[in-house]
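Protein sequences appear in the order of chains A and B. Residue numbers for the first sequence follow this note's numbering, beginning at 8 and rising by one. Residue numbers for the second sequence follow this note's numbering, beginning at 7 and rising by one.
If you are wondering where the hints come from, they were derived from the structure by calculation, not from laboratory data. Take the hints with a grain of salt, since some may be wrong.
As the list claims (entries may be wrong) - What the simulated footprint calls covered on chain B by chain A, stretch by stretch (three residues with Cβ under 8 Å from a Cβ of chain A suffice, anywhere in the stretch; the number is not a length):
(1) 58 to 67
(2) 117 to 126
(3) 133 to 142
(4) 147 to 160
(5) 165 to 176
(6) 179 to 186
Just so we're clear, the structure is a prediction, and the values are computed from it rather than from any experiment. We treat Cβ as the ideally placed atom computed from N, Cα and C, and that holds for glycine.
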Amino acid sequence: MSTKHADAIIVGAGWAGSIMAKELTEAGLSVIILERGKEHTTAVEGAYPESIDELRGAVRKRLFQNLAKTTVTIRNTIDQTALPYRQLAAFLPGEGVGGAGLHWSGVHFRADPNDLRLRSAVEERYGKNFIPKDMNLQDYGVTYAELEPFFDKAEKVFGTSGTAYTVNGKVVGNGNIFAPDRSSDFPLPAMKDTFTAATFRQAAQDAGYHPYSLPAANASKPYTNPYGCQMGPCNFCGYCSGYDCYLYSKASPNVNILPALRQDPRFKLITNAHVLRVDLDNTKTKATGVTYLETTTEKEVSLKADLVILSAFQFHNVHLMLLSGIGKPYDPVKNTGTIGRNFVYQTITTSRVWLPENTHTNQFIGAGGVGVAIDDFNSLNFDHGPLGFVGGSPVWVNQAGTKPITSAVGTGGHGTPRWGSGYKDALIDTYKHSIAIDAHGSNMAYRDIFLDLDPTWKDAYGQPLLRMTFTWKDNDVRMNQYVVSKIAPIARAMGATRSSLTHLEFGQPFDTRHYQTTHLGGGAIMGENPQTSALNRYLQSWDVSNVFVIGSNAFPQGMGYNPTGTVAALAYWSAHHIRTLYLKSPGPMVQV
Amino acid sequence: MVKSDPTSPSKTTLALPRRSVTNALLGSTAFWLTRTSTAVARGLADEAALAPYKPVFFTADEYAFLLAATERLFPKDHNGPGALELGVAEFIDRQMQTPYGEGDNWYMSGPFKQGPANLGYQLPLVPRALYRQGIAALDTYVRQQYGSSFVTLPSAKQDIVLTALEGGSLQLQAIPGRAFFEQLRTNTLEGAFADPLYGGNRGLGGWLMLGFPGARADFMDWVNQDGAAYPFPPVSISGQTA
């Protein structure tokens, strides 16, 4: 392969980039992935026992983005000065080969059909006036029926474990009764319930809800995926989130796709390559390639390509579009432009119940994707009419493996001591006998919540940092409070000796200091109208037709489910249409 | 609130004598060295070289402060060992000699402006500087307030000082007391519960208290035992057991 030109250049070696590279090499294209971080080989860095190290892993952030090189600035409201996100805390983007797909947990959902067309669905049910002013509620422009084959394909690549409810319209198992129909069953049966999940399952059922096993990209049995990549059965070691899986049980680009890709002579992976910009021709409607910095030599390199795929983490994709002049930056005052519009996140609050002292919850046991959830208060599965909010939350016990440092640092506060002997009592009691229950919910987009370039702070390469303007809105607080109130009967049915139900408070600003979730979304969204979306339904830039942007940046609003499953399906959807439509006739794929 | 749990191992002897720890490690050397485990080799070298531990980053006075303050944050009590017995100060001193001590993955470019607390840490100080300046400023304050050093104060008075730091009412010259407190608290808890490879959690005493099995990392047969306590004591990355 030429080192100066590739048919396609892909930015970022996470899930989206690896899927796109696999699909495009299969189509016969020469493909280069540029990854700004380093190589991550699970057999070496993930090896037992050195990888089973909480301090080096989740605490000192072995697999996460190095903020010293580049970060974001954050403010809550448009009249504030944004300040740099100097220490990783609220969210944890990945870096290096595998990206966030190496350190994720493995919860692997399909999108709810209503969530993909939320504006239409809400208007049909409750009328246009139900949607608050300045809430930018939008449809994706692609339906569940269209995406179904690609959800199916992704699950087979990921080796996803789960229990279906219906396959081709027929009830086949005791899966999620709210889940959409499937064309085939999960490739692997559901993972076993931990004790905590089993307790929640029974209690949720007793409370009249509909519990189901979380779909988990943690292998319940040995598995070989369609690319010939092999996974071993998960042993519930508890080191998914923040770690590379020493058993090859958790799906990652490194285990499930890259071993096949690396054998393809049309494929090349270049690490330590920080992309500075996508190069455009003088019409600004066509990309000619990219320019990147070799971070080891500090040399700038320009590569030519016919096709440029941005598949970095959500906000890096938006940042790169803004730095490159792709499309028009969003202006929240004039309500014009699309790049940076509809920045969204997810609401998550963790409640806790304590069981009697003779009952040990063994929270160190776990797997990232494992658990039991209810969807009775997710999406449009319940009547929002009298409630006055849009959105919802799954509620679950997702025991991913609770480790001591994180648990110790997080214990205390809210009236209980954070140090001293009373603190030790609380820590030990909580660690041994409690169960965490999450409400992991949606987050709606608003006109004044957006991304743009910061006027003050720069990255290590002299480029302006991305600026986030973000806080919680009353709609999401109302949603969260309502859903959390539904945990109370479950806690009672669990036989809790006491419980602490935690919810968002009105007026409480987004806090950058505490981990919430890495499920950021929006900023360069897909849609049907170039006035209100950056990408068309194939994730193709409306403005620069040989640039495709793959990631949760495409989500018009934050959904209640974890994003990775939908990102993977959208990647396969986009790749399929590049292969079948775009390559035959390069140019805009949707005319408006 | 809680109390004694008959199944808890916390009443057993928690800390192995250092010599027996070293012997236990040496006993398994052949296995480890054939795997060329650098982590374990380093642990062995450290064990042999350091007894008792002499701080490298902190001065003797600073280290005395650390020993006293971390024990107040994480005291020896009916649950088990405290920071002193677990080697927390040694852990923190060693951490200061790693890239973490220099804030290697923190964004440390200016300008530095203070803002609302929820927008996070905005000081131009990496952990090493935060400790050095924070301890010095706290020493000045305590001497002015009480006429002696923190180390020589009775524990009730030490707790009053720590409470003031935590509550944010104390400003340590350029450093908000709360920022210094959070750094100290976080590193103390890390030292109590990190793998013993890093110098803390001596004898796996922190893990024994919590019932955390360490690097066992295989629970295929214990996914759901209806609330029974996991039966095996912890093991460390280097193979040390408790």
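- request: Confirm or reject the coverage of the region 179 to 186 of chain B by chain A under the rule of 3 or more residues with a beta carbon closer than 8 Å to the chain's beta carbons.
  value: Per the Cβ count (0), the hint is violated.
message: So is the region 133 to 142 of chain B in contact with chain A by the C-beta rule, three or more residues under 8 Å, or is the coverage claim wrong?
response: With 0 residues close enough to chain A, the hint is violated.
- request: Examine the region 147 to 160 of chain B: at least three residues should have C-beta closer than 8 Å to a C-beta of chain A.
  value: Not satisfied, violated; 0 residues make the cut.
Coverage assertion for the region 58 to 67 of chain B with respect to chain A, Cβ distance below 8 Å, three residues required: Not satisfied, violated; 0 residues make the cut.
task: Between the region 165 to 176 of chain B and chain A, see if three or more residues pass the 8 Å beta-carbon test, and mark the coverage as holds or violated.
output: holds (count 3)
field: Annotated coverage of the region 117 to 126 of chain B by chain A, confirmed only when three residues or more have a Cβ within 8 Å
entry: Answer holds; 8 residues pass the 8 Å Cβ test.
Hint check: violations occur at hints 1, 3, 4 and 6; the rest are consistent with the structure.
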